[in-house]
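Chemist: In the numbering used here, the protein residues as written are 1215 to 1333.
Careful, some of the hints might be misleading.
What the hints assert, rightly or not - With a straight-line cut-off of 20 angstroms between C-alpha atoms, the simulated SDA-like cross-links for lysine to any residue are:
id	residue 1	residue 2
1	Lys1267	Met1315
2	Lys1320	Trp1304
3	Lys1253	Gln1287
4	Lys1314	Glu1268
5	Lys1314	Asp1283
6	Lys1253	Val1286
7	Lys1314	Arg1255
8	Lys1244	Arg1288
9	Lys1244	Met1315
10	Lys1253	Lys1320
11	Lys1244	Val1286
12	Lys1314	Lys1244
To be verified - Distance ranges between label pairs, derived from CB positions:
id	residue 1	residue 2	range
13	Leu1232	Lys1320	24 to 32 angstroms
14	Leu1325	Leu1276	28 to 36 angstroms
15	Ala1322	Asp1283	18 to 26 angstroms
16	Thr1310	Trp1222	28 to 36 angstroms
Think of the hints as simulated: they come from the structure by calculation, not from any bench.
Computed from a predicted structure; not experimentally measured.
No residue lacks a Cβ here, since even glycine has one placed at the ideal position from N, Cα and C.
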Amino acid sequence: MKFLIENWYVIVALLAVLECIIYAVYRFLKLPTRAQVEKVRAWLLWAVTNAEKELGGGTGRLKLRQVYDLFVQRFPAVAMAVSFDTFSQWVDDALTEMRKMLVENKAAAELVMGDGQNG
């Protein structure tokens, strides 16, 4: 009982954080399935672009692992419901979209590839 009295503010803070997490998960799960998938796909475009920028070419397996780890952290409920094969297909789709974006947008290509390395 003494512990509760002396640390009531920590308990209240933890409950507030837990409530925020539950609310965020509730809001995400409340979205229609198509909206959830589109949100994940939009996020995957960012994730694969960021992985390409950080790790560069020739590191496909490392990039996939990095993106998957981030995906599990960002969307744990979806990660439990989606097979790795489906996730890999989503990543392939995001890579296709990223490559198209890098061809069409020179500023994005310079940001990802660096000056003079796109082409």
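Chemist: Would you mind marking each hint as holding or not holding in the structure?
Modeler: Evaluated hints:
1. Lys1267 x Met1315: Measuring from Cα to Cα gives roughly 14 angstroms; hence the hint holds.
2. Lys1320 x Trp1304: violated, 24 angstroms
3. Lys1253 x Gln1287: OK: Lys1253 and Gln1287 at ~15 angstroms, within 20 angstroms.
4. Lys1314 x Glu1268: Given that 20 angstroms is the threshold and the Cα spacing comes to 19 angstroms, the pair holds.
5. Lys1314 x Asp1283: Distance ~25 angstroms between Lys1314 and Asp1283 Cα, so the pair is violated.
6. Lys1253 x Val1286: holds, 14 angstroms
7. Lys1314 x Arg1255: holds, 15 angstroms
8. Lys1244 x Arg1288: holds, 16 angstroms
9. Lys1244 x Met1315: violated, 31 angstroms
10. Lys1253 x Lys1320: Cα-Cα ~25 angstroms, so violated.
11. Lys1244 x Val1286: Answer holds: Lys1244 to Val1286 is near 19 angstroms, not above 20 angstroms.
12. Lys1314 x Lys1244: violated, 32 angstroms
13. Leu1232 x Lys1320: 24 to 32 angstroms: Given a distance of about 46 angstroms, which is not inside 24 to 32 angstroms, the answer is violated.
14. Leu1325 x Leu1276: 28 to 36 angstroms: Check failed, 20 angstroms falls outside 28 to 36 angstroms.
15. Ala1322 x Asp1283: 18 to 26 angstroms: holds, 24 angstroms
16. Thr1310 x Trp1222: 28 to 36 angstroms: With Cβ atoms ~53 angstroms apart, the hint is violated.
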